[in-house]
Amino acid sequence: MGILLLSVLPFLGALLVACLHRTGRNGQALTAITVTSAALALLLFHTPGVMAGEVPTARFAWVPAAGLAANFFLDPLGLLFAGLILGIGLLIVIYARFYLAADDPMGRFYVFLLLFQGAMLGIVLSDNILLLIVFWEMTSITSFLLIGYWRHLPEARQGARMALVVTGGGGLALLAGMLILGSIAGSYDLTTILGSREIVQASPLYPLALALILLGCFTKSAQFPFHFWLPHAMAAPTPVSAYLHSATMVKAGVFLLARLWPVLAGTDMWFYSVATVGLVTMLVGAAIAVFKNDLKAILAYSTVSQLGLLTMLLGFGTPMAAMVAVFHIINHATFKAALFMTAGIIDHETGTRDVRRLGGLLAVMPITATIAGVAAASMAGFPPLNGFISKEMMLEQAWLTTWGGFGGLVALLATVAAALSVAYSLRLFVHVFMGKSKPELPQAPHDPPAGLWLPPAFLAFLVVAIGLLPALIAGPLVQAVSGAVIGFPPPLVELKLWHGFNPALFLSIAAIVAGALMLRSYRGLEPRWRTLPTIEAKTLFDKLVAAIVAGATWVTAALHNASLQRTLVVFFGTAIVLGTAGIIEGGGATGARATLPASPVAVAAWLALVGAALAVTLGYRERFLSLIFISVIGLVIALGFVHLSAPDLALTQISVEVVTILLLLLALNLLPKTPRQLSSARRHLRDAAVGVAGGGALGYSAWLVMTRDPNNPISAFHWANSYAGGGGTNVVNVTLVDFRAFDTFGEIIVLGIAALTIFALLDTAVRGASGRRLLAWVPDLVRSPERHPMMFVIATRLLLPFAMAVAIFLFLRGHNLPGGGFIAGLVVSIALLMQFMASGYEWADRRRSLDEHRMIAWGVLVASLTGAGAALFGVPFFTTGHDYFAIPLIGEVHLATALLFDLGVVLAVVGAVTLALAELSNVAQRAERLEKVDHPMDIDPSRGPEDRA
Amino acid sequence: MSLEFLVASAIAVLSAAGIYLCLRGRTFPVVLGLAMLSYAINVFLFAVGRLMIDRPPIYDKSAAGYTDPLPQALVLTAIVIAFGMTALVVVLALRTYLETGSDQVDGHPDEHASSDGDGPAEGDAAA
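From first to last, the protein sequence lines are chains A and B.
Start counting at 1 in the first sequence, then tack on 877, and there's your number in the working numbering.
Start counting at 1 in the second sequence, then tack on 2, and there's your number in the working numbering.
The reader is advised that the hints may include incorrect statements.
Residues from chain A that face chain B, not an exhaustive set, calculated with beta carbons under 8 Å [said to hold, decoys possible]:
(1) T1584
(2) A1642
(3) A1793
Rather than coming from a laboratory, the hints here were simulated on the basis of the structure.
Note that the Cβ used here is the ideal one computed from N, Cα and C, for glycine as well.
Between the sequences and the hints, there should be enough to build the whole structure, so can you do that?
Listed below in structure tokens is the structure:
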């Protein structure tokens, strides 16, 4: 339980800080400090147990089907990193309170920082590699936010974006690698995977998994050639650099290498990829660091170099080297975070981080100088500090390593890198604190308030203490963590300052002497370095990103140039090609199923349909005529449904046909009637060819389907359960309101959304340019002198109650006989629309007591409540209940909850259809100027009796 | 001639006409084309349940047989949704016309004054 609390505490803290934005800077800082301290205390509470060999766990299923579980555990390796994250985190939180300027939003900073802290903790505590990935991605995102914290600075935004692209891209590779690793091991549980070393390394997929995982680790830990993002991330506030880019996030890659060491390490591939990349990174980073002038850039490249060192040690693949890596992780975290913080102090106090403008600060900033001096000396590897011990142990391991048959190669290069690190460490101290003081500084420097120097001072104290008493302070921890990394008890080695006269000592001395000499001749070396050809990684990166964007733009433009015609041709073409491929794959031969003979009536109807379709195609410019032909097609299809045992479809088709034609007529009233031709003859020919190809393919595949017997359709289930389970004999209706009620539910929502969109489009059409056009609209058709023919008005009014009765009848019988909610709703709509047509919009609108918006809403609500009602009886959503009731006089009545659902369908359909058409006629009404018509037959039902002369 | 052939060829004719009309340059034929395509697709879906005469899917213990009810249920909602879609597209076309004064699908201005020639220059933009 404690582990779970530990992993969520930072997130809760972030939430709390976000809620406490009124408490001001101190309140937020105090909250962050309290939360981090609490988490640290919780960790310390568990520490004795973990050191004694316990592994506290917390396990929760999350997505069991995907192997994703919220499993946490705290082993010594997790303990070490959690300690770094929370310990240095606490110091950073304190430091940041004094570092950030008055106009920097403090709350936002702490929220991001705590979110990051939680994500980091999640990585090191995860016992499930998928969960680990989730946290891993979260660190990428939060670090993006933190690097871009000063979002008004372009370099902060660019740096943040670059870090996100590189580490996020690596994260994708890592995800793929982890999925492969999990599938090899047969589990995503880390503990299981760590125990399947033989299976994993014997798998043919091992190289691929390793390459992908390493890609993730190397990008995260800024290994060559992905090191370039880290210096650009230094645009972040210094507390962020100190926390993310030295102590924690960049170590996540190293952490993962250590975490997966037992299962991945030990192969040649591991050694040559990991150790080589580490060694190269160590050299390149150190060389660049020597010649940088920005304090934070020096520290950034030195971090790159030190991370390379750690990677190299883990790459050696020996238990001893892994142990040295663990020790150096601790040491590096102490001295590097201290150095970052002192760099921040110098920046804060002098107003510059440029080494060339600094000098002689020892006299004015003695405290800062002492801290920086100790930390830099440790980084350079001077005795008696902790950096000396781990560097000497590193050189010893390098001495013992053979690379590709060359015995001394690794040791030589490692010594060169060590010499370079001596040079940049010394330069950091000598060029800043020694020498002449430069008078032209932006501010007169002095030591900062205690809040700024105490955190790094504590770290400097640790540097000395570990250096003097390594076995006492760090020994047990290193021993335990190394055991966790290598998977078995490590060789018993006592950490000590003095190792005696051995090769490593001489290499160490050589490095120090060479480094010091390098600094002495810095003035001569520097111009020569500048003349070396350099590759500006940022330029390359920017070019790469620009090329990718250009490629994407090109593809988009080629497929989609904002021309509907082009898009549709591509779309239809693709569909035709895929469909034809399907036909060919399926054999393409007519099946053996017996066909039905066609009656002369059927042939006549077919002729009517084909003729009408041809008429529409050829004469589509005569728009009114086309509508008449379209309705012929709809009618024939409805008749076809009648003939082919689909009474429900016939009823639906015919009623939809009516409303569709009405709608198109209303719209066409305001559109041009016979516009001139646009396309060229060639274009017509091409489109006709596409049409014939598509029609042929679709028709032929229909033929192929119909001449084959069905392949065990699921409708047998529907047939068998319609009456027994759904309580209705009309299987189509039972399917709609019961078996597939969820589908129907979705459909009425879509219908409602379409109607509301139409309302939004038309209700605003009376304003702006569209409103002016409506006002200027001139009727372009001959008008009937009778706007509202008397016969039509009377007939529709008389028909209204009958139509309603028919609708109710269709609705009630729908569960057992053809009918149902959709059809009933359409019939009601038609009856209402007839009133609009016959008596005019105004007359009908005034008598309309229904609000279509509410009807749509009620329809969806009734349907969903019916579905949810099932939950009251402990059955799944949309399960129908039904029973027989005896009602006096009427007799036994069968009622199903499906009827209620169907009522929702009726409401939604009536609401949607009426809303769409009423709104359209409303717009048309506004366009018509109400001119006085002096025709004896003209009546306007909307005028009251008193209006009539 | 079999019923199956009539239905299949009707699907072919309707969808060919639908595709051709969808590729026109003005909005109204595109709406007509969509309506035709909807007919074609609905009939196609229906035909997947195979053709049967006098076998409505109304449950009866003594029924000699029944046609597949599932495609019918799917097509029933598809018909209604097709109406919703047609309504939306035609209103969109209307609003565009009112807003821009042009009923071309790509929103190009329409010079009503120009002669009734072969239309503007070749190319996707105008055609």
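> Going through the earlier hints one by one, which of them does the structure break, listed in rising order?
Replying inline: The structure conflicts with no hint, since it agrees with every one listed earlier.
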